[in-house]
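K.L.:
Going down the list, the sequences are from chains A and B.
For the first sequence, our numbering gives the first residue as 1, with consecutive numbering after it.
For the second sequence, our numbering gives the first residue as 1001, with consecutive numbering after it.
Treat the hints as calculated values from the structure; they're not laboratory data.
All residues carry an ideal CB built from backbone N, CA and C; glycine is no exception.
Treat the hints with care, since some could be wrong.
Dumping the calculated BS3-like pairs for lysine-lysine here, alpha-carbon to alpha-carbon at most 27 Å [what the hints assert, rightly or not]: (1) Lys255(A) to Lys1008(B); (2) Lys18(A) to Lys1004(B); (3) Lys18(A) to Lys224(A); (4) Lys161(A) to Lys197(A); (5) Lys255(A) to Lys1004(B); (6) Lys194(A) to Lys161(A); (7) Lys1025(B) to Lys1008(B); (8) Lys18(A) to Lys194(A).
Output of the computed footprint for chain A on chain B, the stretches with three or more beta carbons under 8 Å from beta carbons of chain A [said to hold, decoys possible]: (9) 1002-1015; (10) 1019-1033; (11) 1039-1048.
Partial pick of chain A residues on the chain B-facing surface, computed with a CB cut under 10 Å [as the list claims (entries may be wrong)]: (12) Val272; (13) Ile276; (14) Ala283; (15) Leu289.
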Amino acid sequence: MSARPILFEWTMQPGTGKAVELLKGHILRIEQVEGGQCVDFNCFNLHDYREFMHCGRTRTVHGFNPSRGTFMWSAPPRERAMLYILADTYGRNDVLFPRCSAYLYESAYGFDGHTNCHDIQAEAQREYGLTPDDVHDSFNLFMCTEISSEGRATITRQNSKPGDHVDLLAMMDVLAVPNVCGADVMRTSNFSLKPIKLSVFAATPDELAAPPAVPNLRSQRSPKDFRNAAIKADRPLRRDAAYRAEFVNAPIVEKEVEIELTADELDLLRRVKLDIYGSDDAAALRDILFSWWEERFLQASSGAPAIGER
Amino acid sequence: MGEKIVVKLRLNQQQLELVDRTVAKGIAPDRAALVRLALREYGAARPAPADKKGRS
Chain A
1 MSARPILFEW TMQPGTGKAV ELLKGHILRI EQVEGGQCVD FNCFNLHDYR EFMHCGRTRT
61 VHGFNPSRGT FMWSAPPRER AMLYILADTY GRNDVLFPRC SAYLYESAYG FDGHTNCHDI
121 QAEAQREYGL TPDDVHDSFN LFMCTEISSE GRATITRQNS KPGDHVDLLA MMDVLAVPNV
181 CGADVMRTSN FSLKPIKLSV FAATPDELAA PPAVPNLRSQ RSPKDFRNAA IKADRPLRRD
241 AAYRAEFVNA PIVEKEVEIE LTADELDLLR RVKLDIYGSD DAAALRDILF SWWEERFLQA
301 SSGAPAIGER
Chain B
1001 MGEKIVVKLR LNQQQLELVD RTVAKGIAPD RAALVRLALR EYGAARPAPA DKKGRS
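Chain A extracted, bound-state conformation (with noise of 0.2 Å):
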């Protein structure tokens, strides 16, 4: 990496941020300077910023801490890669907290103002015309995290070293936008704030070689599949008198379809199905046949969407 030429370089301090260009097949490494600091990073398409880094899809594709050789995707209807983690040295990323806010420092701890990860992020992206109202939830980097026995979300404490760096390659031209968490009065990035360092570089031939196949599906929508592509400009709602509603496949209809089962299918199907069915095999047979479908041929576990050959 010495020898490349170096595209872009900035120090983020305590309490900043920094919206920066990422063209497709180009490489922003975030690294750490001092050790120790989490960031919280969103991206947007860079020719259209209602296309944005969505942490939930991103978290049901690859669970919740992504790490090397992971996606960041967009949100539906998009839901297309927008990065590649080509690195991680670290290995500790969280995609389960969103963003800290002012109010949760207002709230738990009685600032009047405090640095707060929304607010930074608003104000690093207000150098492209952004509001505080397009910050998403962020994909935070070096942050270490675990689920409770009680199924809450917890922060522990981390021990990054200098120079340990994510690697994020761009599927496509991205606004990106990293920030130094300002928590600093959680364990988070252990009670203070450092310096990050940001460096952009083009990729190198193997590198760009380095990310899946990804699916190029017709439900991976843009604006030029929606009913409706102009972005509203104005704040209030008013309903829209020409609209007709286009549900996909509705109305749903039911269709009853007969299965005959010998003695011992029935036998079978009253050992097997489960519980909250009571008396109604049908519904049974049902849940055993999409069930069975799901082990059989889903590619993906949990409702995630597949990423490898359909």
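Put chain B on the given structure of chain A with help from the hints.
P.N.:
Chain B alone, transformed into the frame defined by chain A:
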């Protein structure tokens, strides 16, 4: 021939599409056969308690 029982599955058009695409792949000759295959394979993956003891 033993006694047969008819179970009436209620499936919507989307569910039927998935069933029909699966049949079209040759997994089973028709909808009913696919449902019975699903039941058998689902059951085989969930042995009865007595079977489990025998296998442990």
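K.L.:
Which of the listed hints are broken here?
P.N.:
2, 3 and 13
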